[in-house]
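In my numbering, the protein residues as written are 1051 to 1474.
A hint or two may mislead.
Said to hold, decoys possible - List of simulated lysine-lysine pairs, DSS-like, C-alpha gap at most 30 Å:
(1) 1120 to 1164
(2) 1282 to 1158
(3) 1225 to 1120
(4) 1282 to 1325
(5) 1238 to 1225
(6) 1184 to 1371
(7) 1173 to 1184
(8) 1173 to 1120
(9) 1371 to 1395
(10) 1120 to 1074
(11) 1325 to 1371
(12) 1225 to 1395
(13) 1325 to 1238
(14) 1238 to 1282
(15) 1164 to 1184
(16) 1164 to 1074
(17) 1395 to 1282
(18) 1225 to 1325
(19) 1282 to 1225
(20) 1371 to 1074
(21) 1120 to 1371
These are computed hints drawn from the structure, not numbers from a lab.
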Amino acid sequence: MSQQGLAPRRAALHLIDQITGNGKLLSELVGAGALQHLAPEDRARAQRLASETLRGMNRADRMLGRFLQKTPPLTVRNVLRLGTVEIAGGAAGHGVVNACVELVARDKRTSSMKGLVNAVMRKIAADGPEGWAKLAVPRLPGWLRGPLSDAFGRDVVIAMEAAHFAGAPLDLTAKGDPQAVADALGGKVLPTGSVRLADAGQVSALAGYDTGAWWVQDAAAAIPVQVLAPQKGEVILDLCAAPGGKTMQVAAAGAQVVAVDASAGRMARVAENLKRVGLEAETVVSDAFSYETDGFDAVLLDAPCSATGTIRRHPDLPHAKDGSEFGALIEQQGRMIDHALSLLKPGGRLVFCTCSLLPDEGEVQVDEALERHHGLVADRDAVMVAGIDPAWRTSEGGLRLRPDYWADQGGMDGFYIAMLRKPA
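Can you make the complete structure from the sequences, with help from the hints?
Spelled out as structure tokens, the structure:
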């Protein structure tokens, strides 16, 4: 096999090694240029191979376990996982076997194991997609599965895992008429107004990208601004703005928006996205706690969180994280709510949201905020926007979204959303 033909697999293996061995996130690696040396089509293939392997890793390990007497070094395991997922996806067995052997042969640290890889991958190829399909849906790691089972019950977690394994279609938020965007792209309009594409391909090649007719945003991520219901003439703060989808929603509604984010690089992307879609916002690079301008009609706080609600589109997260850093995030979220409330004018409203499935990053945060702030109330009616099932509303007045909702339509990200109103 030529070096060129092996390049996407080598790059995918590097990504998987960094995620499983060093706790890196796929977005961090790609953002840091891990795939820049590849041609665009190879870059896309490498990222797809890595994502598919991470999504199916638990199932691949079960399939491989029948043929391994002891666990090989991590890189060799990841080669076997990569090859298993490729064969399960219908790739020609002999080509995948040869590629896997070459991957380990070219690395002096693993070259002695090419015989093992050859033997195991031949058995996997003989089993083929049929053997793969008989295995159970991959499970979440224990550090996450346990808390989610406690919060939602075992059956709900199983349904979430099925949604994660199915992956995610592409959702768009239309600048104007959602139905016109759906018609132009062969998509469908979801109950909440987002446009969903089952098989999108390259995003920048889609009709309407260059003209700024829409932007990429999961359907669940678009709901917080619908709850906020920005009005023309209002001045609204988007306190953790990047990558900018919610900023654009607020601007498209006609409100004046100030977008704040601590990352200059991420804020540059927000500015680029605003320019592409022809919308305006004031962009500020600042730590959320250092930003102290007050008197806003409303604040949108999409707080930094565990991102456990995004696993269906970010399958690296369960393999890169172990939950140990979540305590610090939870403490920070409470302080962020307090700071955001201080930036509101009397009677102003705060929409707090996180792309997390953990109640400690959602329902519990709002319960505790209501206890800390006399006169603060959760607006239970505000969360009932179009397309929302009343059963999704929570006891403290927020909204709990889960990956298994809309399962027959491709699911949605997990999110928690609440509207808090400051006393006048």
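Now the hints, each set against the structure:
Among the hinted pairs, residue 1120 with residue 1164 is consistent with the structure: their alpha-carbon atoms are about 15 Å apart, no more than 30 Å. With a C-alpha separation of about 64 Å, the suggested pairing of residue 1282 with residue 1158 is violated against the 30 Å cut-off. Distance hint between residue 1225 and residue 1120 is unfulfilled; the C-alpha atoms sit about 55 Å from each other, more than 30 Å. Taking the CA atoms of residue 1282 and residue 1325, the gap is near 20 Å; set against the 30 Å cutoff, the hint holds.
Pair hint residue 1238 plus residue 1225 holds up; C-alpha atoms about 16 Å apart against a cutoff of 30 Å. Between residue 1184 and residue 1371 the CA atoms are separated by roughly 28 Å; this keeps the pair inside 30 Å, and the hint holds. Simply put, residue 1173 and residue 1184 have alpha-carbon atoms about 16 Å apart, close enough for the 30 Å limit, and the pair holds. With a CA separation close to 16 Å, the supplied pair residue 1173 and residue 1120 stays within the 30 Å bound.
Pair hint residue 1371 plus residue 1395 does not hold up; C-alpha atoms about 38 Å apart against a cutoff of 30 Å. Pair hint residue 1120 plus residue 1074 holds up; C-alpha atoms about 26 Å apart against a cutoff of 30 Å. Distance restraint check for residue 1325 and residue 1371: the Cα-Cα separation of roughly 35 Å exceeds the 30 Å cut-off, and the hinted pair is therefore not satisfied. With a C-alpha separation of about 29 Å, the suggested pairing of residue 1225 with residue 1395 holds against the 30 Å cut-off.
The suggested pairing of residue 1325 with residue 1238 holds, with an alpha-carbon distance near 26 Å, which does not exceed 30 Å. Proximity of residue 1238 to residue 1282 is assessed by CA-CA distance (about 28 Å); at most 30 Å being required, the pair is judged to hold. Under the criterion of a C-alpha separation no larger than 30 Å, the hint pairing residue 1164 with residue 1184 is consistent with the structure, at around 28 Å. Restraint check: the Cα-Cα separation between residue 1164 and residue 1074 comes to about 27 Å, which is no more than 30 Å; the hinted pair holds.
Distance hint between residue 1395 and residue 1282 is fulfilled; the C-alpha atoms sit about 17 Å from each other, no more than 30 Å. For the hint pairing residue 1225 with residue 1325, the CA-to-CA distance comes to about 13 Å; that is within 30 Å, so the pair holds. The straight-line distance between the Cα atoms of residue 1282 and residue 1225 is roughly 16 Å, inside the 30 Å bound, and the hint therefore holds. At most 30 Å may separate the alpha-carbon atoms for a hinted pair to count; residue 1371 and residue 1074 meet this at roughly 8 Å.
Between the alpha carbons of residue 1120 and residue 1371 the distance comes to roughly 25 Å, so the proposed pair stays at or under 30 Å and holds.
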